[in-house]
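Number of protein chains: 2
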Amino acid sequence: MGSAALQGDLEVSGGTSMAEPAVAERWPKFRRRKVLIQPWYQLRVAATILLFIVGYSLLLGFLMFYPLQQEFAATANPDQQFWIARQVLELHKRFWPAVLVVAVLVAAQSIFVTHRVVGPAYHIQRVMEGFAAGKYEMRARLRRWDRLKELEMAANAVGEALVQREMVRRERAGRLGAALAELKAGIGGTSVPTEVQQALVKMEGILAELPEPN
Amino acid sequence: MGSAALQGDLEVSGGTSMAEPAVAERWPKFRRRKVLIQPWYQLRVAATILLFIVGYSLLLGFLMFYPLQQEFAATANPDQQFWIARQVLELHKRFWPAVLVVAVLVAAQSIFVTHRVVGPAYHIQRVMEGFAAGKYEMRARLRRWDRLKELEMAANAVGEALVQREMVRRERAGRLGAALAELKAGIGGTSVPTEVQQALVKMEGILAELPEPN
Chain X
36 MGSAALQGDL
46 EVSGGTSMAE
56 PAVAERWPKF
66 RRRKVLIQPW
76 YQLRVAATIL
86 LFIVGYSLLL
96 GFLMFYPLQQ
106 EFAATANPDQ
116 QFWIARQVLE
126 LHKRFWPAVL
136 VVAVLVAAQS
146 IFVTHRVVGP
156 AYHIQRVMEG
166 FAAGKYEMRA
176 RLRRWDRLKE
186 LEMAANAVGE
196 ALVQREMVRR
206 ERAGRLGAAL
216 AELKAGIGGT
226 SVPTEVQQAL
236 VKMEGILAEL
246 PEPN
Chain W
36 MGSAALQGDL
46 EVSGGTSMAE
56 PAVAERWPKF
66 RRRKVLIQPW
76 YQLRVAATIL
86 LFIVGYSLLL
96 GFLMFYPLQQ
106 EFAATANPDQ
116 QFWIARQVLE
126 LHKRFWPAVL
136 VVAVLVAAQS
146 IFVTHRVVGP
156 AYHIQRVMEG
166 FAAGKYEMRA
176 RLRRWDRLKE
186 LEMAANAVGE
196 ALVQREMVRR
206 ERAGRLGAAL
216 AELKAGIGGT
226 SVPTEVQQAL
236 VKMEGILAEL
246 PEPN
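Protein sequence lines, in the order shown, are assigned to chains X and W. When you line the first sequence up against the working numbering, it's residues 36 to 249, in that order. When you line the second sequence up against the working numbering, it's residues 36 to 249, in that order.
I should point out that these hints are in silico values taken from the structure, not numbers from a laboratory. Here the structure is a predicted model, which is why all the values come from computation and not from measurement. There could be a bad hint or two in this list.
Same chains, same label: a pair holds when it works inside one copy or across any pair of copies.
Quick list of in silico lysine-lysine cross-link-like pairs, DSBU-like style, CA-CA up to 35 Å [to be verified]:
| hint | residue 1 | residue 2 |
| --- | --- | --- |
| 1 | 219 | 237 |
| 2 | 184 | 170 |
| 3 | 237 | 170 |
Let the hints inform the model, and build the full structure from the sequences given.
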């Protein structure tokens, strides 16, 4: 990625000085202040995580209680049955609170980790949609604990490269325009064939198109 | 994202016909056949996941066994102590195998899910590095169960937009070149000032630069 990536990385705010003011003003919309950027998507992710945690907790419970249940059914000895029943009751009392504590911790961690991927992914997506729309001055901003940092750097490097190429193109268009003006001035005094006049007008027309409506 | 995104989505292989052959040949390198794309990174992720699973398992064990330990220490009644000791032994026998089963399942699922994010992220990163290097014909390919699909579509839409703009620019450069040739031909017969000749040479020089070395 080289120096362009580094530049992109260090860039703090609404892109280069090439940014149209309108875009620079719209930029703060992309600041990631909200906890839920895509509320429905993130709630769906959270629901899926909770579902899996409940599922795994129930599986763990099943793996622990089912053998006891089997032993209870297999034995006819009342003493043995009493011992198993007491064990089952004790186990329920100990097992579920412990599982609940761990489940809450795992859920919290999963949701935090997911959020650190989903948030940046959405943010980078917005930046790339900007690039596709010609807003090359948009940049992704890294937050300290976000994931996908390599991707954000790569996206910023793309923006940096596109801004650079755009500058080169504008500079070339400027030079072409200047040369065309010189040519026109030089021709001005002399009488030239109509084709030359037509070609001149045509070239001026094409050059007028050149700074694309980004 | 509009039609550009849809086009990008449907695109199967090495980009548009504008691709230089060399790039088109290099493209298959990005096919995601390998299980481990970034072996060290993915092994680190797997190690982190396993560490957390072991941690949570131990926490669960602690939450279950510590109260029994406390009860054992608090009582002086040998019958009670025998009952607790027997319960602890039984519990160890039931608890750890059950935890192991669930831990293996959770680890497998976590690693699969992570892989479906890390893989695409790396793939999209390579595509964006390509864009930054001017290889606009590169495209990300979606796999059925991959995550970050919105991001891949957005990246492809960027490529599509850049290819389109590049085409427009080449077409304009072609028209400018043609108009310049006409102008030159028109001037050819007549005698024009040196400035006009110089401007012509200058413009030809600038136009010769125009098709950028992507």
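**Request:** Could you place residue 237 and residue 170 in one of the four classes (within, between, both, neither) given a Cα distance threshold of 35 Å?
**Result:** Both, since 29 Å and 31 Å are each at most 35 Å.
**Request:** Classify it for me, residue 184 with residue 170: is the Cα-Cα distance of at most 35 Å met within a copy, between copies, both or neither?
**Result:** both (21 Å within a copy, 22 Å between copies)
**Prompt:** Is it within a copy, between copies, both, or neither that the alpha carbon of residue 219 lies no farther than 35 Å from that of residue 237?
**Reply:** both (13 Å within a copy, 13 Å between copies)
Going through the hint list in order, the structure satisfies each hint without exception.
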